[in-house]
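S.K.: Please build the complete structure, drawing on both the sequences and the hints.
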Amino acid sequence: MLDLLATPPNPTGASAPFWDACDRGELLFPRCGRCGHLFYYPRRHCPLCGDTGLGWQRMSGRGTVFSHSHVHVAFQGAAWDGQLPYTVVLVDLAEGPRMLSRLIGGDAAAVTSGDAVSVVFPRIGERRYPFFERAAAG
Amino acid sequence: MPAVGSDVVIAGIGETPVGRLPGWSPVEIQAAAVLAALRDAGFALSDLDGLINLDPYATPNSMFSSTLAEHLGVAPRFACTVDVGGTVTGMTMLQQAVWAIESGYCDVAACVYGENALTGRPAGAQGLHMHNLLGGEEWEEPFGLHGMVIPYALLAQRYLDLYGATDADLAAVALVTRRHALLNDNAQMRKPMTLEDYRASRLISSPLRLLDCSLVSDGGGALVLTRAGRAPQGRGRGVAIRAIGMKTTHNSVALMPDIPDLGMAAAGADAYEAAGMGPEDIQIANLHDAFTISVLVSLEALGFARPGEGGALVRSGAMDLGGRWPLNPHGGLLSQAHIGGMLHITEAVRQLRGEAGRRQVEGARRALVSGNGGIFSVCGAMILEKP
Numbered sequence: 451m452l453d454l455l456a457t458p459p460n461p462t463g464a465s466a467p468f469w470d471a472c473d474r475g476e477l478l479f480p481r482c483g484r485c486g487h488l489f490y491y492p493r494r495h496c497p498l499c500g501d502t503g504l505g506w507q508r509m510s511g512r513g514t515v516f517s518h519s520h521v522h523v524a525f526q527g528a529a530w531d532g533q534l535p536y537t538v539v540l541v542d543l544a545e546g547p548r549m550l551s552r553l554i555g556g557d558a559a560a561v562t563s564g565d566a567v568s569v570v571f572p573r574i575g576e577r578r579y580p581f582f583e584r585a586a587a588g
Numbered sequence: 007m008p009a010v011g012s013d014v015v016i017a018g019i020g021e022t023p024v025g026r027l028p029g030w031s032p033v034e035i036q037a038a039a040v041l042a043a044l045r046d047a048g049f050a051l052s053d054l055d056g057l058i059n060l061d062p063y064a065t066p067n068s069m070f071s072s073t074l075a076e077h078l079g080v081a082p083r084f085a086c087t088v089d090v091g092g093t094v095t096g097m098t099m100l101q102q103a104v105w106a107i108e109s110g111y112c113d114v115a116a117c118v119y120g121e122n123a124l125t126g127r128p129a130g131a132q133g134l135h136m137h138n139l140l141g142g143e144e145w146e147e148p149f150g151l152h153g154m155v156i157p158y159a160l161l162a163q164r165y166l167d168l169y170g171a172t173d174a175d176l177a178a179v180a181l182v183t184r185r186h187a188l189l190n191d192n193a194q195m196r197k198p199m200t201l202e203d204y205r206a207s208r209l210i211s212s213p214l215r216l217l218d219c220s221l222v223s224d225g226g227g228a229l230v231l232t233r234a235g236r237a238p239q240g241r242g243r244g245v246a247i248r249a250i251g252m253k254t255t256h257n258s259v260a261l262m263p264d265i266p267d268l269g270m271a272a273a274g275a276d277a278y279e280a281a282g283m284g285p286e287d288i289q290i291a292n293l294h295d296a297f298t299i300s301v302l303v304s305l306e307a308l309g310f311a312r313p314g315e316g317g318a319l320v321r322s323g324a325m326d327l328g329g330r331w332p333l334n335p336h337g338g339l340l341s342q343a344h345i346g347g348m349l350h351i352t353e354a355v356r357q358l359r360g361e362a363g364r365r366q367v368e369g370a371r372r373a374l375v376s377g378n379g380g381i382f383s384v385c386g387a388m389i390l391e392k393p
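Order-wise, the sequence lines are chains A and B.
Our numbering puts the first residue of the first sequence at 451, with every later residue one more than the last.
Our numbering puts the first residue of the second sequence at 7, with every later residue one more than the last.
To be clear, the hints were calculated from the coordinates, so they are not data collected in a lab.
Since the structure is predicted, the reported quantities are computational estimates derived from the model, not experimental observations.
Covered stretches of chain A, going by a simulated chain B footprint (3 or more residues, C-beta under 8 Å): (1) 505-518; (2) 524-533; (3) 546-556.
Chain A is nowhere near these chain B residues, computed Cβ spacing over 10 Å in every case: (4) Trp30; (5) Asp113; (6) Thr254; (7) Arg312.
For every residue, glycine included, the Cβ atom is placed at its ideal position computed from N, Cα and C.
M.R.: This is the structure:
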């Protein structure tokens with residue numbers, strides 16, 4: 451594979467702390483200060499109770515694969531031809547919430563649902579991205 | 007309340023040719039479909055006083071109902087553009103038309119969608135070239151997710167894992183819709199398909215292959231609604247909308263409920279309850295088939311098959327013409343054309359009138375039409391009945 455590509459996000463004031471934390475190698479999810487709901491993706495209010503008093507929780511970065519797909523078409527344009535095939539995953543984080551990400555590493559093609567994965571933060575251009583790798587066996 | 011208790015009926019249907027319509031613009035396609043539906047119902051253009059449409063996905067427009075009204079040459083008392091999502095939009099258009107007629111805003115309403123998504127897309131585009139944003143870009147594009155195939159591939163992989171289903175289950179859906187399309191002169195795909203053809207088609211986003219994916223199409227479809235008996239040629243031909251159930255649960259695939267909890271089950275339960283019916287009362291299943299997996303999930307959510315047994319039901323022949331619940335006799339989004347599900351509705355009306363020719367479902371009294379937008383983000387189930 452050529453160097454990794456990623457389309458940069460366009461964060462809002464509410465989501466910028468998530469991306470800034472990724473740049474530091476940390477995975478932060480918002481948690482409601484009123485009801486304790488931990489959720490993804492960042493918003494300005496808690497989608498469970500509506501409260502706006504939110505904080506950030508550092509995630510372990512460990513999770514399991516809920517579903518995955520090996521992508522064989524460059525939907526984001528011909529610049530992505532060198533990425534093919536790449537693997538998109540839905541990861542259930544150990545703490546609960548599910549997030550969409552990309553699985554990288556030489557053994558990504560062998561992934562099966564339920565596999566243990568852990569977050570990594572490769573630098574691509576100006577940012578670091580919360581991608582995942584299959585966890586070492588054992 | 008999902009029940010439709012009034013005497014408002016679908017009095018006319020209109021379809022343009024589908025496939026490639028070079029030289030046609032979206033508004034021209036929509037106008038042609040509306041004119042065809044008005045003719046079918048026996049109305050003059052000047053009778054039209056309600057107009058509801060969806061603007062094109064490939065070239066999004068604002069104020070597209072007024073664009074179409076002006077182009078047609080009408081000045082409706084009620085007009086709006088509806089974008090609920092995918093193939094549910096057609097049902098929401100019908101809801102709007104029923105409510106507008108019931109409340110006295112108009113007497114004759116047209117619901118229409120159409121565009122030149124195939125010939126109007128840029129060179130080199132992969133699949134449907136949507137210019138619309140869906141709101142989840144920040145949490146999808148950085149991870150390589152773009153468009154609708156990858157989310158449906160994630161859903162399909164989950165289905166295979168959850169139930170131990172195989173590619174033969176997905177293929178069965180592609181094969182039956184192709185068999186039906188061969189009986190439709192207005193279908194894009196006119197060659198027979200075998201299981202070997204299916205398995206030889208290239209992977210797009212595993213486990214989905216090219217032949218798991220619906221078509222990119224030019225074309226349009228329209229419906230004209232009015233009160234029963236109001237249409238000059240519609241007397242005794244109007245098709246009743248018995249119930250429409252809907253449910254919206256999420257937008258992006260990361261927040262999609264697991265398969266047993268997708269909104270289609272709630273939409274179907276509402277529609278069945280309102281109509282006082284169940285799957286046993288249905289003779290035609292015009293189900294959302296943007297991807298083969300959509301049909302398996304919908305069959306199970308709507309009670310046609312038990313969880314995990316949708317593929318077995320399709321392979322049994324139950325969804326073929328002559329079977330218990332023929333699936334998309336027109337060929338559906340997979341093999342006729344993807345016109346936003348409008349042709350699922352026009353086909354249901356045609357079948358219930360007994361005017362479907364060599365693909366007529368004998369004894370058809372009721373059709374269930376399902377739709378979903380996004381990744382089962384918004385789901386709809388509608389029951390249509392012969393008068």
